[in-house]
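Engineer: Can you build the whole structure from these sequences, using the hints too?
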Amino acid sequence: MTEEQALAQATQNIENAKPMLKQLGNNEVVEYSEEDYAQAIIDNKNYILDEYNNGYIKARQQAYLPIAEQLDMQYWDSVNGTTTWADHVAQVKSDNPKP
Amino acid sequence: MGLVKIHETVVTSGVSSVDIGGSNWDSSYETYLGVIQNLSGATDNTYTALRILDNTNSMVISSLYNQTHLAMTEITNSSFGGYITANSFIYLTNNRLGLGTHEVAYALFYLYRFNDSSSYSYFTQYQVNIENGGKTQGLTGGGVLKQNAQHRGFRIYQSSGNIDDGTFTLYGITS
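Protein chains in written order, with the working numbering: chain A, 1 to 99; chain B, 1 to 175.
Keep in mind that the hints were calculated from the coordinates and are not lab data.
The list that follows gives simulated cross-link-like pairs (lysine to aspartate or glutamate, EDC-like), each with its CA atoms no further than 20 Å apart:
(1) A:Lys-18 to A:Glu-28
(2) A:Lys-98 to A:Glu-51
(3) B:Lys-135 to A:Asp-95
(4) B:Lys-135 to B:Asp-44
(5) B:Lys-146 to B:Asp-116
(6) A:Lys-18 to B:Asp-164
(7) A:Lys-18 to A:Asp-36
(8) B:Lys-135 to A:Glu-69
(9) A:Lys-18 to A:Glu-35
(10) A:Lys-98 to A:Glu-3
(11) A:Lys-93 to A:Glu-51
(12) A:Lys-18 to B:Asp-44
(13) A:Lys-58 to B:Asp-44
(14) A:Lys-58 to B:Glu-103
(15) B:Lys-5 to B:Glu-30
(16) A:Lys-98 to A:Asp-50
(17) A:Lys-93 to A:Asp-50
(18) B:Lys-5 to A:Glu-28
(19) A:Lys-18 to A:Glu-31
(20) B:Lys-135 to B:Glu-103
(21) B:Lys-5 to B:Asp-26
Structural biologist: Have a look at this one:
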């Protein structure tokens, strides 16, 4: 995904979300200013790019079993000649592919 | 050390963002504590993020943040991780919030040097939530806004959709 594609998607997302409201410290609720809307587009574009470029890494971090459990898998794989640990890692990678 | 409440904002119906500080900033203190309680989003599967506000109560436009999440623990999938972001915003949660019961976030933010125009602004963060997969996550971390400037708090928002609930409080810390 290019930055231009992300910007186009973000611009549409924010347009669809209008009117956007912000709640201030005194509990007052007001609509976004033009500057707020412009910044929201930039933030959403960066979020889209971050998700595209790094989302699979976060997803893999969530999916991997605890390290202690993986060490135990490796030990028993070495004893039994199985591939439980490698299968687990391969499954996580295939479930969360790099774009 | 004592805490002086500067303001408290309670969200009871959907808003796109909440300002902690901003136009209600009190520049009398050297260090501040921001407290977020019971934050929930209106849209499933969304991150909570924040952005620092500058001394005109606008959001800081340029991409000048460095943020590090130092550790992450999860009850059902214990692990240690960490990441650094350099982006136009900062993640409050390491994973997405959902709409299930108790899928809410709590957080503390200590803000340092926010009134000093000749230094960077620093913050530390402490956060816990139940994410959309049902795991409990706790994060500690911190960040630096790499810009010599005054700042006036921060804005909280979801990566998509509204914030539906939450209590947002700003304290000044006295010596």
